[in-house]
Amino acid sequence: MDNLGVFLQIIFWGLYAGCIYILLATGLNLIFGVMKIVNFAHGEFLMIGAYITATIFFLTGINPYLIILLSMLALIGIGALVERICFRPILGTGKLNEIFLSIGLIYIFQNGAALIWTDNWQSVKSPYDGITLPIGSLNVPLDYILIMVFTAAIICGLYLFLKKTRTGMQMRATSQNRKGAMLVGIDVERIDVISFGLGCALAAAAGTLWIVSGQIFNPYMGSIPAVKAFAIIILGGLGSIPGAIIGGLLMGLAENGAAFLLGGIWKDAISFVILIIVLVVRPTGLFGEKGE
Amino acid sequence: MDHWQDKTAKYGIIATFAFAGALPFLTESMFILNLLVLMLIFIIFASAWNLLAYSGQGSLGHAAFFGIGAYASTIIAAKSGMSPFITIFLGAAFAALIGILIGLTCVRLKEWFLAMVTFGFAIIVQTLTVSVLTPVTGGWDGIASSRLLSPSIPGYQLIEYYAVLIITIASIAAIWYIMKSRIGLAFLAIRENELEARAAGIDPVRYRLLAFALSAYIAGVAGALQIHHIGYLTPELYGVDNSFWPITYVILGGLGTLAGPIVGTIVLTIIWEGLKATGLTFGRYVIVGVILILAIIFLPRGLVSLPDKVHEWLKRRRRKEPLQKPADD
Chain A
1 MDNLGVFLQI
11 IFWGLYAGCI
21 YILLATGLNL
31 IFGVMKIVNF
41 AHGEFLMIGA
51 YITATIFFLT
61 GINPYLIILL
71 SMLALIGIGA
81 LVERICFRPI
91 LGTGKLNEIF
101 LSIGLIYIFQ
111 NGAALIWTDN
121 WQSVKSPYDG
131 ITLPIGSLNV
141 PLDYILIMVF
151 TAAIICGLYL
161 FLKKTRTGMQ
171 MRATSQNRKG
181 AMLVGIDVER
191 IDVISFGLGC
201 ALAAAAGTLW
211 IVSGQIFNPY
221 MGSIPAVKAF
231 AIIILGGLGS
241 IPGAIIGGLL
251 MGLAENGAAF
261 LLGGIWKDAI
271 SFVILIIVLV
281 VRPTGLFGEK
291 GE
Chain B
293 MDHWQDKTAK
303 YGIIATFAFA
313 GALPFLTESM
323 FILNLLVLML
333 IFIIFASAWN
343 LLAYSGQGSL
353 GHAAFFGIGA
363 YASTIIAAKS
373 GMSPFITIFL
383 GAAFAALIGI
393 LIGLTCVRLK
403 EWFLAMVTFG
413 FAIIVQTLTV
423 SVLTPVTGGW
433 DGIASSRLLS
443 PSIPGYQLIE
453 YYAVLIITIA
463 SIAAIWYIMK
473 SRIGLAFLAI
483 RENELEARAA
493 GIDPVRYRLL
503 AFALSAYIAG
513 VAGALQIHHI
523 GYLTPELYGV
533 DNSFWPITYV
543 ILGGLGTLAG
553 PIVGTIVLTI
563 IWEGLKATGL
573 TFGRYVIVGV
583 ILILAIIFLP
593 RGLVSLPDKV
603 HEWLKRRRRK
613 EPLQKPADD
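Chains as they are written, first to last, in our numbering: chain A, 1 to 292; chain B, 293 to 621.
Because the hints were derived from the structure by calculation, they are not lab data. All figures in this text were calculated on a predicted structure; none of them were measured in a lab. Treat the hints with care, as some may be off.
Said to hold, decoys possible - Below, in silico cross-link-like pairs of lysine-lysine (DSS-like), each with a Cα-Cα straight-line distance of 30 Å or less:
| # | chain 1 | residue 1 | chain 2 | residue 2 |
| --- | --- | --- | --- | --- |
| 1 | A | K95 | A | K36 |
| 2 | A | K95 | B | K402 |
| 3 | A | K179 | B | K402 |
| 4 | B | K472 | A | K95 |
| 5 | B | K601 | A | K95 |
Please model the entire structure based on the sequences and the hints provided.
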């Protein structure tokens, strides 16, 4: 393949990986914006979402792209439960506590999943496996295109929800000023539950899209993407959804570029190298506010 | 912490170590002895993590220092032929050096960012170990590490146990001394209120770096000890598990206290091995996760605060006083 072909290939891989990161980072940002907490166990929701999709697919054989909605719904419920049982009692007791609590959640979800589904690598076969579309000199798998379309649709849906619905407006109000929102009669605890659930649903979407593209998965699949999603929101600015989208795309591109230039082993480490360099220069992140 | 509590903790720790010294006379089992050695090593490791947390910095990547200490000590021992008992401290010094380097990027960062950077740092170190540094480190296959004592020495396991016990006691004593000294006070001041600490003439950057160096050094000692005890090391050492265990131990025992890491490590090790006996594999981790979350929600100051809580509760019952808001900070 010529140089241009390789270059396009990397770009495409980057965009595809970027979609997963965008969904994860947007979910994290949604939760952070409203509750001002950081859930390091967010990747575990991606994993649970992936397993729910896979289980339904193995049982019924429905097109996995359709199961994404069921998986997201299930994760809204699981997320709401986790928020209610674990995070609400420790809200406001310090940021370190949230980090430690996430570690407990990681233990529970990863190993709970291993108990239910074993820790073997599994995979789901997409119904569009092997179908490619010619774009320029490149043959792009249809699955990749579908994943990008789904990501765009989900993000647009979220945007409309936040802008147009009453609950969405209440969420934005709470994230701007929690006390003010309480004063005007918004039930902020209800908003907390909804935001957490929605964030988890986005993670479930990411997990589903990850596995339908033919990636193998096991209960430990979520940790690294989630930590990278953190790196993205730190780079893109805590609480900023456009920042998460741009950061996600850039991270996907940087990672795949680095994997090509330095070897696949650097794929995970490179995001942290970027993160550390950025934080050395700007301790509050690229677009972070001075206050925090 | 009031005076009464301080004393209880001190005597409790001394009693625990005295008991640990007597244990080999109570059991013949080499399995238990081996378990105890690993437990002591994790007490050192958890205490090292706790020291950093004492200065307000929660690291999610302490496995990096554990592993660097282990690799450096092994490689120095192999190249120079020195006894592991010397190289342990040289390897740890290397870990401290790296600790200062990573500390330099972290000193200006707040909780989440610091957690992220330390987590990522462990991954970067692992990646380096299995890529560029493969000629020295053996890549994913790992390398053999010289044993603390040659198995040909009669009763070597017993001697090794006491050697590790002495190093553990020395580490805890050193940490106690640091916590009580002006340095420890400065750590506390920075953790509680950085602005006021600065106003009192404490340079937060210098003390944060010092905390990183000290914590990395002690973690490096623990890592080197473990690897020379086992006799083999692989990059798995840098894994997330090794970063999360000390946190779990400390949170359960009591964050920021001298006795916390010791209590937490002992209690969790007993639970862990007990669950192992029942044949649980993944279930053990689920239970540990549940215990951790319950401790964070219901016992935020850890097991070491349990006697106090019971005391308080009994007093209230006796006086039939109305429920008071606990004086947590």
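task: Starting from A/K95, check that the Cα of A/K36 is at most 30 Å away, please.
output: The hint holds at about 9 Å.
- prompt: A/K95 and B/K402: Cα distance at most 30 Å?
  reply: holds, 9 Å
- request: Could you grab the alpha-carbon distance between B/K601 and A/K95 and see if it respects the 30 Å cut-off?
  value: holds, 24 Å
message: Between the alpha carbons of B/K472 and A/K95, is the straight-line distance 30 Å or under?
response: holds, 26 Å
message: Given the hinted pair A/K179 and B/K402, is their Cα-Cα distance within 30 Å?
response: holds, 24 Å
The structure fails none of the hints (numbered hints given earlier).
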